[in-house]
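If you're matching them up, the sequences are chains A and B in order. Sequential numbering from 1 applies to the first sequence in my numbering. Sequential numbering from 1001 applies to the second sequence in my numbering.
Be aware that a few hints might be false.
[As the list claims (entries may be wrong)] Reference excerpt, derived from the structure (chain B facing chain A, CB under 10 Å, subset only):
no.	residue
1	E1028
2	I1038
3	W1052
4	P1055
5	P1068
6	G1123
7	A1126
Just so you know, these hints were derived from the structure itself, not from any lab. Positions of the beta carbon are idealized from the N, C-alpha and C atoms, including for glycine.
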Amino acid sequence: MLLLSFCQWLADTPFSTGIRESTYIYPVIESVHVLSLCMFVGLLLLWDLRLVGITLRRIAVSEVWARLIPWITLGAVLMVISGLFLFASDPVRFYGNIFFRIKALGLFLALLNALAFHFGIERRLVEWDTSAVTPRAAQLAGAASIALWAVIVVTGRFVAYNWFPPLV
Amino acid sequence: MASVFQWIEQSWLGTSVNNSLWAFAAFEAVHLLALAVIGGAILVVDLRMLGWVFPRQRVAEVATEARPWMIGSIVAMFLTGIPLMASLALSKYYFNEAFRLKMYFLAAALLFTFFVRQPVALGDDARANSRMAKAVAIMSVLLWSGVGIMGRGIGFY
Chain A
1 MLLLSFCQWL
11 ADTPFSTGIR
21 ESTYIYPVIE
31 SVHVLSLCMF
41 VGLLLLWDLR
51 LVGITLRRIA
61 VSEVWARLIP
71 WITLGAVLMV
81 ISGLFLFASD
91 PVRFYGNIFF
101 RIKALGLFLA
111 LLNALAFHFG
121 IERRLVEWDT
131 SAVTPRAAQL
141 AGAASIALWA
151 VIVVTGRFVA
161 YNWFPPLV
Chain B
1001 MASVFQWIEQ
1011 SWLGTSVNNS
1021 LWAFAAFEAV
1031 HLLALAVIGG
1041 AILVVDLRML
1051 GWVFPRQRVA
1061 EVATEARPWM
1071 IGSIVAMFLT
1081 GIPLMASLAL
1091 SKYYFNEAFR
1101 LKMYFLAAAL
1111 LFTFFVRQPV
1121 ALGDDARANS
1131 RMAKAVAIMS
1141 VLLWSGVGIM
1151 GRGIGFY
């Protein structure tokens, strides 16, 4: 299969072997991944909670977004870069790990949720921008995002456990 | 100290977690989720004190919003962290340099947060926006990062 062959090819590159066999690079990348989790998921959570109508209710939705998004983006960039490095260190093992697959599905669904919000209820943001109580669709988008990111974080941690035999 | 760690490991809590296939992973998962919450709740206030987010809101307002999430996640951290540590208190954590450093960072971060940062953030507005407050915010980020990095380091040590 194409994905598997790609993983096998990647695993044999000096780049992948270098990270896999390093003493310090792997722990450093892993620490960056965990710390940027605080910045990315932690601040995204505040935004999602604003959508649900729980935090920062006295600040306009558009302002919460405008102020938080540079930091959420910075956290996301660090997450993705460190995450790709971690994946590259042992791609075949990740590919065959059930939790990694659930995590990948969670990431895809989180992206879909964000797009649904953007092309849905966000288009009428001017109508509810300053209201403490947000529309039901916005609350759902915020709650779905929180739930999906919780699944992504937990399955990400569980990748390290080998409770189940590898799928490939 | 070793005898205390031994007692913890042999306690009901320690043996229950250690003998379970899922308990350690389950507590660890919640510990990691609380890490995300604590990260956001602390970072948003520190960033505000630095003037980098919500410049039109008062520091005290942002700190008041973040407070229940910070306290709640610290409580969740202890409730999940204690069983994790108890499971292998003597055989792993007592000898783990990263765990020891994490505890030092944690003690410093908690003391600094509740006796310095919170009073500054929730106090007088001019002081909460002063250069001193910016130094306090940077110190807060550094101390909590130390806790996080050393926490991750336990697994590598």
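Query raised in the report: Looking at the structure, which of the earlier hints fail to hold?
Result: Numbers 6 and 7, in rising order.
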